[in-house]
Every structure is written in structure tokens, then in C-alpha cells.
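Fit chains B and C with the ligands to the known structure of chain A by using the hints.
Read top to bottom, the protein sequences are chains A, B and C. Quick note on the numbering used here: the first sequence kicks off at 2 and runs consecutively. Quick note on the numbering used here: the second sequence kicks off at 78 and runs consecutively. Quick note on the numbering used here: the third sequence kicks off at 123 and runs consecutively.
None of these hints come from the bench; they were simulated from the model. Be careful, since some hints might not be right.
[Unchecked claim] Some chain C residues near chain B, calculated using beta-carbon distances under 10 Å:
| # | residue |
| --- | --- |
| 1 | V132 |
| 2 | E135 |
| 3 | R137 |
| 4 | A141 |
| 5 | G153 |
| 6 | I304 |
| 7 | K308 |
| 8 | A310 |
| 9 | H316 |
| 10 | N325 |
Backbone N, C-alpha and C define an ideal beta-carbon position, used for all residues, glycine too.
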Amino acid sequence: MDALLKIENFTMHYRTRAGHVKAVDDVTFSLAHGQSLGLVGESGCGKTSVAMSIMRLLPYNSEIKSGTIVLHGQDIYSMREEEFRKLRWKEVAMIFQAAMNALNPVYTVGSQITEVILEHEPEVSEREARQRVTELFSIVGIPEERMDHYPHEYSGGMKQRAVIAMALACNPSLIIADEPTTALDVIVQDKILREMEEIRRKTGMSMMYISHDVSVIAEVSDIVGVMYAGKLVEIGPADDVFKRPRHPYTYGLMNAYPSILGEKRDLATIPGEPPNLMFPPLGCRFHPRCDWATDECGQVEPRARYVGPDHSVACHNPLRAPSSGGEPIGVAKA
Amino acid sequence: MALPKPNKESDSIVVVKGLTKHFSVGRGLFRREQARLHAVDDVSFDVARGEVFGLVGESGCGKTTTGRMLVKLTVPTSGDIFVDNEDISAISGQGMREFRQRVQMIFQDPYESLDPRMTVFDIISEPLNVNHIGNLEEREERVAYMLSRVGITPPEMFFFRFPHELSGGQRQRVAIARALVVNPEFIVADEPTSMLDVSIRTGVMKLLAELQEDFGMSYLYITHDLAVARYLCDRIAVMYLGKIVEMAGAEDIIKNPLHPYSKALISAVPLPDPAIRRDVPNIKGGVSKPINPPPRCRFYPRCPVAKNICRDSDHPELCEASPGHFVACHLVAR
Amino acid sequence: MRSLAQNWAVFKESRIGLAGLAIIVCFGVFGLMWPIMIGNLWDVHIYHPVVGFDPAMMHPAPPCRGHVLGTDPIGRDVLAQLMFSTGREFLLGVLSAVISVVVGTFVGAIAAYYGGLTDSFFMRLADIIMLFPFVPLLVVVGSLVRLDMFSFAIILGFLEAFGGITIILKAQALQVNVRPYIDAAKVAGGDDLHIIRSHIIPNVLPLSFLYMMFNVTAAILSEATLSFFGVLNIDMSWGMMIHTAETAGYLFDYGRYWWLWLPSGLAITLFCAAFYMVGRGLDEVVNPRLRKR
Ligand SMILES: Nc1ncnc2c1ncn2[C@@H]1O[C@H](COP(=O)(O)OP(=O)(O)OP(=O)(O)O)[C@@H](O)[C@H]1O
Ligand SMILES: Nc1ncnc2c1ncn2[C@@H]1O[C@H](COP(=O)(O)OP(=O)(O)O)[C@@H](O)[C@H]1O
Ligand code: SF4
Ligand code: SF4
Ligand SMILES: [Mg+2]
Ligand SMILES: [Mg+2]
Chain A
2 MDALLKIENF TMHYRTRAGH VKAVDDVTFS LAHGQSLGLV GESGCGKTSV
52 AMSIMRLLPY NSEIKSGTIV LHGQDIYSMR EEEFRKLRWK EVAMIFQAAM
102 NALNPVYTVG SQITEVILEH EPEVSEREAR QRVTELFSIV GIPEERMDHY
152 PHEYSGGMKQ RAVIAMALAC NPSLIIADEP TTALDVIVQD KILREMEEIR
202 RKTGMSMMYI SHDVSVIAEV SDIVGVMYAG KLVEIGPADD VFKRPRHPYT
252 YGLMNAYPSI LGEKRDLATI PGEPPNLMFP PLGCRFHPRC DWATDECGQV
302 EPRARYVGPD HSVACHNPLR APSSGGEPIG VAKA
Chain B
78 MALPKPNKES DSIVVVKGLT KHFSVGRGLF RREQARLHAV DDVSFDVARG
128 EVFGLVGESG CGKTTTGRML VKLTVPTSGD IFVDNEDISA ISGQGMREFR
178 QRVQMIFQDP YESLDPRMTV FDIISEPLNV NHIGNLEERE ERVAYMLSRV
228 GITPPEMFFF RFPHELSGGQ RQRVAIARAL VVNPEFIVAD EPTSMLDVSI
278 RTGVMKLLAE LQEDFGMSYL YITHDLAVAR YLCDRIAVMY LGKIVEMAGA
328 EDIIKNPLHP YSKALISAVP LPDPAIRRDV PNIKGGVSKP INPPPRCRFY
378 PRCPVAKNIC RDSDHPELCE ASPGHFVACH LVAR
Chain C
123 MRSLAQNWAV FKESRIGLAG LAIIVCFGVF GLMWPIMIGN LWDVHIYHPV
173 VGFDPAMMHP APPCRGHVLG TDPIGRDVLA QLMFSTGREF LLGVLSAVIS
223 VVVGTFVGAI AAYYGGLTDS FFMRLADIIM LFPFVPLLVV VGSLVRLDMF
273 SFAIILGFLE AFGGITIILK AQALQVNVRP YIDAAKVAGG DDLHIIRSHI
323 IPNVLPLSFL YMMFNVTAAI LSEATLSFFG VLNIDMSWGM MIHTAETAGY
373 LFDYGRYWWL WLPSGLAITL FCAAFYMVGR GLDEVVNPRL RKR
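Isolated chain A, as found in the complex (with noise of 0.2 Å):
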């Protein structure tokens, strides 16, 4: 499959007057048309800065260091900004976090998703923009109705949906969620995510989840990639990641989520605290807080390596895949 999205070794840091926050180090993915990936992690591992990163909105203070993101075989930091400004919201949207704040209070919801079709579409008249707004509208689950209303008037679930309807508003073929139901109630969450969903299988187009929901991941994603301290340290198949985790990482982070499902089991504790960005420990950056660390761990950084097929992860010693889903992991050497 031809990728839509191609991040190549990608480094940025944060300038800051402490020093050089490390907020994405030497991360590599790529996302075929019409796929779904998810990222998870701690919160302030850098899964929001991938994100703007992507869609070029990167704060002043930003550096991008190495690396390059290829956007349908186009590699957005060479074009000119206002070359991108057109690709953007056209090609590439993104739901932001914290999206129920995101709506402007002093405009109707209806005019703001009709502004950003005409911002995007010259071509488009107004009369068809809100026409779009209107089918955007049904798709999303908003009572038409509702259109004329102002931000204050809508619930929290809402918001949320009028925000990925402005984020569909110019059929992008990449839509990137960031945490878009982390505030919501779990029924309303559902709906959500099935609604996204939905709409991907529809249109074909791609998304991008990014969530510290373990749960919410395994449900939406085709491919999922684990975040930590700004490395990605795991990606793969859901279903390898989630069964088989090959990183000590996923792996603890896998069995520190207590879940409905199943037997009641007991939680495992990762030790420790995720380091700061800005000193972050020499060779694995997980090194502190690894039951599985060698000498070689806190002195050679690992580079992400295949261990199946689509899977690849950034270990020095990554967990001998169990044959079932089961609990025997030992040391090694893939």
C-alpha cells in the first residue's frame, strides 16, 4: 500500500530559558490510506507535539532538529507556508485536544465550520458551503437545528462532535485526533468513536489517534504506536502490540490498566516516574525503570528494530514473544 503519511527520524526540541526540552526524539512511522493509527503514552511524552508537528503548527520556540515528514509524497517543511496553508485543513485536519474550548464562543457553530470551507475553498459559494455544513451536520449527529446555536448552548459530547465536523469540513484524507474524548462520559464516548469510525470506513480516509486510554486505543486502532519520553518506543498491528508487547514499556503499561474484561487480575506498578524531558537518562530513556535493563542499557541508546512484520521496536532486550496471549516474558535476544 502506498503510505499517505511518511515521519522520517523526526527530532524536535522545545527551546526553553531551562533548557532544550527533548519532546520528540528520532520518531519513525508511516500510515497507509485509509488506516488507523494509534498513539499512546504518558501524559507529556510528546504525542501532541507529533501531532502539530505534522500539521506544521509548531510554536515559535520550536527546532526541528532531523528528519522529515512526507505528506502524500510531498515533504511539508520544504514547502513555503503558504504552500502548506492550502494542504492544510484540505489534506491534513486535526480534532485538538481539549477541542470543546477550541470553538470560538462569539460565532454561531454553523458559521464557524461554513467560515473554515470558505477560508479553505475560494471556489465554493456560500450557499453550498452551508449546504455542506448541513450534511456535516447529519454525519456527525447534530440536529440540523442545532446550526444557528452558539458554543455555550451545545453539551460537552456536542462540541466534540461539531469539532470533528469542522474537522471533515474539507474532506481532508487525514484526520488527526488528539485525546477527543478524554473529557467526555463514557456512553458519550462510545458514540463518538463509532461515529469516527464510521465515517473512516465511509470515506476511506485515514486517522490518527492519540490517546493515553490504553482501552480507547485497542478499540479504534489498526496500527498502534506506544510513546514514551518522546521515543516511540513500540509500533505494530494492534493485535501484536496488545497480545504479544515486545517493550518492557507496553508491556507494564498493558498490565497497569485495570479493565472490566475478564478475570479481576492484579495491576502491575512501573517504578518510578517518567523522566523530565529536558534531562532525559542516557541510552534507553526507560533504562531507570526497566525490570529488564542490561549495563549496555544505560549507556547505549536502542534504534528501533524489526521483530515481525510491521513491528518494530526500540529495545535493547525486547520480551521473548509469548506463543498465547499468556504471562511468560523473559529476556531475549531477538
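The following block gives chains B and C with the ligands in isolation, referenced to the frame of chain A:
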């Protein structure tokens, strides 16, 4: 330090009868009738000694309000709360001081529940301070002990740190230490782990479970996350718009929910297994607020199985459907 | 909350705040020079700011040797007046600002915490005080009782305290009052006094300090204005210097007698600006919205 412990009469530490809280909302300039929001409506339950009782429901269903009434932060509109067979509405003056030592609360947001201008020592010793327990030396000893119990070691290293110098997990541990420092019998824990990161959160959950066993305390554990409730609670009550609609043993309610709302809620919880396709939760419409609600079943507008009887009769009472499993629904056989 | 050192680091980044601080320090040094100069280098009879007189020349004399900034219409040395007044301006500004902020913080915290009638009372009081424009009010007060520098500072402090500053600090205290750590303190068993003293006031204090800076500016300006109208019983101040020039008819003479009003005018402007600038610098420390970090 001798802390007063009243003698035991029943094996319930907390008994709640018909607890109700109405808030006046939207007092319009020209509106005669005040709108009343039924935040908590005729709620009854009891917590056994040494038990962890979970209160689960979507945001705004009245969990926090219930918890706040139990610690006397909010005055109930009506209903009775007994702690150790003592009606807490009658408590004041010296009795209040004792009450504050028997009943404590842990708050949701560790970033907000610690005064940013106080040191860790000041924060944890505050309950001792204001209740004039022990002298400085004893307080230091006690604070150091509590800190080491919640896993912050070496304690002396942390005495003079400010909250902003702690990580999220450490802050919540400090908040837990503050609640436990007076050796309370009963603790209201309002979503104490919902703001924490997964890898830290498991540690705090384990800590709460461990402390509960060691000190033999009872908890009212408030959460919107059924998986967390399952892990920590002995019994769970599901709330919907101010009413308890179902109450049973934790495993019982998750494996065998009887109320239509509990069923929907449980089936909406995402599962960490990419292979599973959950069914669509069976529920109608969106959430509303319980403002001047009609007397019939609170869940009627969203209930997928409602019958005429539900429309025509009052909100159903909680009835024991099977031993220890209580449900409030006209259609569930007694 | 950050430590003092960190706060200083943030403050240091603000050019405007540092510049303000530098100016204040200069004024401080300037003011401290007065006791050294008088009696040691300067003859009291000639250089006394109020009753001094130099018989050697015609007055007002333009800047010359011995009188670097000239003399005023009744033969007093302008530089000496300027220097002498500096200390008193500090006293006035700081005293009234401290009073207004200490009282304002307390009143604001109490109004916010108790709400209801207490709150209404203080807020209405603030409205009344704010409705009466300060300067005309003080002109009236000043013509009834002769106000000296000290009582003037106190009156000004209390007017500010129950006026605008209460409203601002109460708004801040209200924000503090709804923070979960206040609930946590209640659950810990703290009584009202404990909560106001240990939690609300310390969290309002940074903003109080900020307003203290702005209040210094306000106090100095009020004094200058009222002195200009001659309603204060103050023998010498920067405002009085301009007042003297004005009553003697030298103020509007197309700048010919510039040394009579320019030094004091400049001093007032600079001094006020300096505190205002420090306030702006503190604002960055106190106001997270403005923080670059
Ligand atoms: N503009 C910025 N300047 C400096 N540092 C930044 C900036 N934005 C983010 N960071 C830092 O970069 C790191 C990654 O941040 P990012 O927002 O990408 O995390 P995230 O994985 O999306 O976390 P969350 O789950 O909390 O949204 C963090 O350490 C964060 O503090
Ligand atoms: N002080 C208050 N004034 C008015 N309404 C309130 C107040 N506190 C809570 N409520 C309302 O009461 C309901 C229950 O709130 P809460 O107990 O906080 O819910 P939960 O903790 O379950 O999310 C909500 O609809 C909320 O908006
Ligand atoms: S590289 Fe070493 S420290 Fe890092 S995850 Fe692998 S085993 Fe652990
Ligand atoms: S009582 Fe009726 S409306 Fe209420 S939950 Fe039961 S079936 Fe539904
Ligand atoms: Mg983010
Ligand atoms: Mg709550």
C-alpha cells in the same frame, strides 16, 4: 497521640438515609418559580467497617455532592447521615473537632487540593495543627511516618518542598498522607486517581488498597471509571441523575448488571483488546440535568425498555433482586 | 508557587521591572545623601529647604556654581529641596501603599470568605468611595483640616484600602476561596480564622504586592496634585516646589524659569514611573497569563 474512638454498636460505620440535596439554579429576573436541580435525591446506603464502597456514575450525577455531604462540606437539603450511629447534622463545636479526625476526604485534583504556598510538612501536619494534636516533635515524627507509609522516602528530604516541586503522583500521595495523618475511620475519596498518569496511578491505587487493609479504614470511593471501581471496591453503587439505581457486590454488578442504565454504562466501557467488538450500548438520547424532574423514573427518557408503568408511576424504590443486589427498576423482578 | 530565587529570576527577565528598580535605587541613594550633605558640605542657613536663603545673589537665580539647580523665588536651593523631599516622598508613598494593601487584603479576604452581608457592606462602601473622586474630596478635607504628610498618607491609605483595592483583592480572594485546598483545610478541621490567615491571605498576597507598587504611584500623584492646589500643610515636597513656582507667577513664563518646575516635575514623573514599572515587572511574576515560562 490518643485519638477518640467511640464504641461500636453496629457494624456499619456510615449509614445514609434519604439523603437529598437540591440546588437553586437559574434564578431568572422574571421567573417566579425557582428551578431546582436535584443533585442528590433520596439516596440511602451504608458502608460497613473496613469496606470500600464505590459510587460510580457519569459526571454530574451527584457523586461529589454526596461525598461532600458526608464530610460536612455541603449541608443536605434533607435526609440523615450517621457516622458511628451519631447523626452528623447535630455535630458542632468540640464534636466537630472529633468528627474531623474520624472522617477525612481525599480530593480529585492533586494539583489543586494542596495549597501552593505551604510546604509538604505544613500540609500534612495541618490536621494535627488545627486540632492541637501532639507537640512539634510528635508531629514531625507522625508526618515522617505517614510520608514513608505513602511511599515518599526519605521523608525528611520532602518536608520543606512545595507542591510544585513534586510530581503528580507524589502530590496525590501527600494528599493521602494528609487525610490519613489523624488516623480516620472513614475516608471519602473523590476520584483520587483520575488526574494521574497510568503508570503512577496504579501505584496510588495499590497504596490506597494497602493502607485500607493495614489501618482497617472504610472508604467511600467515588469514581466515574468502572474498571477502577472494580479493582478497589467491595461493593459498587451506580448513580444516575441523583439517584442510586443499582447497588451490589463489585464483581456481581460488572458481570451481571440488572438495571438498564448499568447495562448501558458497563457495555460502553472500552476494552483493552483489539479483537473484541463490543455491542452498541443500549441507551437513548443524551444526558440532561435533573432540573425540576418529573416524579417518574429518572432514567425514563433514555430507557430502551421503558413500559407504560414507568411513565405512570413514581421513581422505583431500590429493591433487593437477589441477595445483596439492589435495583431500582419497575421491570426487574424482585 | 516558586521560591524567592525563582521569582527573582522571572522578575529579572523583565527589563521594565529592572529599570524601575534601578531608578528607585537611584532615588534612594539621592534621598540618603541629604543628611550627609546638610551640615557637612552645605551650610544650613543657606541650604535649608524651607528657611534657607543665599544673600549673595538675586532670586530666583538660574543654575550656577553653588546652586547647581538654581534657587527658588525666595532664595532657597532647588537641589537641596529636591533631595530633602525625596525621603518624605518615600515615606508618603510606602506608608499609604502599605496601609492600603494590608487593610485591603484583610478586608478583601474577609468579604470573599464570608460573602453575604459582610461582602455587600464592604462592596457598597467601596462603591461609595470610588464614586467620590479622590482629589476633589481631599481638596475639601484639606481645606477643613490642615493635613501634614503623615496624616495625609494614612488617610490616603485607608481611602485606597476600602476603595478599588478591596474590590480587586476580593476578586482574587474569591478565586482562592473556591480552590479545593480550601475545602481540604476545612476537612482537616481548620476554623474560619485559620483558613483566612493560612490559606486565603498568603495566596492573595502576591497580587497585593503588585498593587502596592501601583498605589505608591497613586499616592505620590495625589500629593503632588493637592500640594499644587496648596491645600496640604506640608512645608516642602516636590509638589510644593511646583506650587511655590506657580504662586510666585513663574510657572507659565514660556520656560524661562525652567529650573523652578522642571526638576521637581521630572522627579515626580520618574519616581511614579519607577514604581509603576516595578509593578509591571511584578505583574509578570504574579500573573501566570503573562509568564513566558
Ligand atoms: N511550547 C512548548 N515549549 C516548551 N515545552 C513544551 C511545549 N509544548 C510541549 N512541551 C513539552 O514537550 C513535552 C511533550 O509535550 P506534548 O504536549 O507533546 O505531550 P503529550 O504526550 O501530548 O501529553 P498530554 O497527554 O498531557 O497531552 C512535554 O514535556 C511538554 O512539557
Ligand atoms: N454548588 C452547586 N450549585 C449548583 N449546582 C451544583 C452545585 N454543585 C453541584 N451542582 C450540580 O449538581 C449535580 C451533581 O454534581 P456533582 O455531585 O459534582 O456530580 P459528580 O461528582 O457526580 O460529577 C450536577 O448537575 C452539578 O452541576
Ligand atoms: S533497552 Fe534496556 S532499559 Fe530500555 S526497555 Fe529495553 S531492556 Fe529496558
Ligand atoms: S423503571 Fe422503567 S424507565 Fe426506569 S429503568 Fe426500569 S424500565 Fe427503564
Ligand atoms: Mg497532548
Ligand atoms: Mg465529581
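Quick rundown of the hints versus the structure:
no., hint, in the structure
1, V132, "violated, 13 Å"
2, E135, "violated, 19 Å"
3, R137, "violated, 26 Å"
4, A141, "violated, 29 Å"
5, G153, "violated, 34 Å"
6, I304, "holds, 8 Å"
7, K308, "holds, 6 Å"
8, A310, "holds, 4 Å"
9, H316, "holds, 6 Å"
10, N325, "holds, 6 Å"
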